[in-house]
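**Q** Here is how the chains run, residue by residue.
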Amino acid sequence: MITGQWIPLVPSMLIETGEVEQVLVRDKDVAVWRSMQGHVQIWENRCPHRSVRLSLGQVQGESLVCAYHGWQFAAEDGHCQRIPAQPEQRAPKSVCARSYAVMENSGLIWYGEDALPDIDPLFEEIQLVYAGSVTISVTLSQVQDYLLAAGLTECAMHNGLSWRDDAADRTLRIYLTPTQTNVVTVHAMLLQSAKPTQCHPLLKQMRENLESEKLSHA
Amino acid sequence: MNVNLSTLPLNLADDPLSTDCYSVRLLLEFLQLPYQSVYADVEQFDNKFESPVLLDSSSNISGLMFIFQYLIELTGTQSQWIPVYLSSQIQDWHDFNEKLKLSLGQLRQASLAMDQFLTDEKRLFKQAAQQLRELDDHLCEQTICGHRYLLGGQLTAADLIVFPQVALAWDAGVSLLPFLHIRRWINHIRHQPKFIPMAGLLAIN
Amino acid sequence: MPNTQQYSQMISSSLMGEWIVVASEQEFLQCQQIKTCLDGQTLNIHRDIIDGVHVYQVKFDLLEADMLNLAVQVAFGFVWLCVGTEKKPLFQLDEYEIVEARRVPCGAYGVRTSPLRGIENFLDMAHFPYVHTGILGAEPETAVKPYHVEWREDVDEIWATECFFTQPLAAPSSPQPQETEYIYRVASPLNAILYKVNTAAKGIIPADVVCLFIQPLSETHIRAHLLMILDDQTSSMTDMVLFQQKIFTQDKPILENHLPLKLPLEKLEIPTKADALATAYRKWLITKNWSYGVHKSMQTEQVV
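Chains as they are written, first to last, in my numbering: chain A, 1 to 218; chain B, 219 to 423; chain C, 424 to 727.
Please note that a few of the clues may not be correct.
What the hints assert, rightly or not - Pairs of lysine-lysine, BS3-like flavour, derived with a Cα cap of 27 Å:
| hint | chain 1 | residue 1 | chain 2 | residue 2 |
| --- | --- | --- | --- | --- |
| 1 | C | K669 | B | K266 |
| 2 | A | K214 | B | K340 |
| 3 | C | K510 | C | K696 |
| 4 | C | K706 | C | K696 |
In short, the hints are calculated from the structure, not lab data.
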């Protein structure tokens, strides 16, 4: 049995109740949104009607409404509940937004793509606070090499996408979203909420170092 | 609200495609000040129609910052929109918007009717991307501190001044996809109750 | 790298023989020469006055003029270009000739989308309550009643008639929602016209006309030219232009957010009965073997 991997997508606090945002993961365009009751969804960013991005739409209760023709899709499974141009008719059962596996854990929203990955028993829930993100135009392995050289450790069972730095004064976690082939989004989370502002400058430095390194090799 | 009623409704020399005019209209909506727009005559090509300008019987007010200050003073809402302790930072953001006009603004102008050919597009794209990255970093830092807007938890003049050009970056051919914090900030502003859209921006229904 | 020039491939085969707008006459009010683009190729258009008549010369920057059979004509206030032998003559627009009617050119707009998406959006009513809220439509009047679609083979145009939609502000004087009747006409793959039937007893023309003529800059970037021919004798030109500009720019963010931007002609998207006209348009494109601006299933478009 193949266990799919969970990919850190975006920190939970960046998708508030009623919010929908476009996120890229592995060159795939997804719409991440949170219903009014707080349930997070990750959907293919494409309305089945005319392929307009669902991230332009509006959250209404437990549904996402497409901005183009007002088609309404249910949070639970993406099925279409309403087609305003045909108010008398039920929306056909086959019409739905394509949804992907999603999990919220440790202050992050995780993307499971198509296969529902097993939830790693070691995947404990920890209280983490958001400490910033940067988007860097380099490959995933270049970022991983950098983190390794900086003395961080890979977290087990997370396919090189979760890293930790257990130095005495801070307990930093770094999460990597493989945004595109040559673009990585790096998220920093902290165990102590004491000084979350100190991480972002380090992330910016990392971005600068990696991108200027890339330029010097060009 | 100590508004001099004889000044209302205000007359605004306006342009539906101008980002500065949009900043003024946004402020007018947030301040709930009635106004009428006066537009350039499409059939006149020689007249230089300046906008945004607040037209008044005694004197016209032009210049984005001057218009903002006038309207905010008119409604006595300085503490909300241009609080004293933030006034220099607001000026900085106004200057940032002026810098954006030289990159994003130029690219957008050329793209609106696709009737201009720019010779230094590459440089402008690079500049715009750099400036947007600065903005995204700033908004990220604000988010970490629990703030939604440029200068804290409330909208200030800074947000209304910078918002239009940035929100219309795709008009200029510059994608906001790498800038999640900018996109969130744009959505927060769009969801404000008194928000109005402009040409090229999706309304919230 | 050698500079290879493949003349026959420089303009997409679908565009060959099509009458395409390359400029509005308005663009020449302050200059005699303009530069523009067609399918990635730079064009220079020069205007002369010969015997009191405006004559336009169109030249491609990179292609030898004598390698191509170029035809130019002026019609409805626009400069039209045809590369290669015309598939059919330029369509007629009778209302344009009516002297008392108001001809309102509404400018050109750059939109980053496929020309086919641009046309399809123009032919759609179901989006009125959502994209043109409070103007062309509003909740709860969202129903699109069944309408009639036909392919008029003699002129090779697609027509949709008996299109009714309930509109909130059909006229400034009537606060009640009113039913507006539309007629849609697709004159060619890149040119569409809509007629808004006039309900007033007296009218100079039986319907107001709105035209969308698309100039493809590339398969995913267009210049949309708009023209109105109206019955209205009282509104100012500025008001009429700004009204149409407002409507068109409301569609812009939607047009720029299709994924894919190019139009899929295979079964990727799900039409409803309200999309009968769009479905006919797509079928028509298939019969023409049209490929320009069309999404091919194995392609993935650049996301950013």
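**Q** Now tell me if each hint is right for this structure.
**A** Evaluation of the provided hints:
For the hint linking K669/C to K266/B, the alpha-carbon distance of about 23 Å falls within 27 Å, and the restraint holds. For the given pair, K214/A sits about 19 Å from K340/B by alpha-carbon distance, which is consistent with the 27 Å threshold. Our distance criterion of 27 Å between C-alpha atoms is broken by K510/C and K696/C, whose separation comes to about 31 Å. A hinted pair counts as satisfied when its Cα atoms are at most 27 Å apart, and K706/C with K696/C qualifies at roughly 15 Å.
The structure does not agree with numbered hint 3 stated previously, though it agrees with all others.
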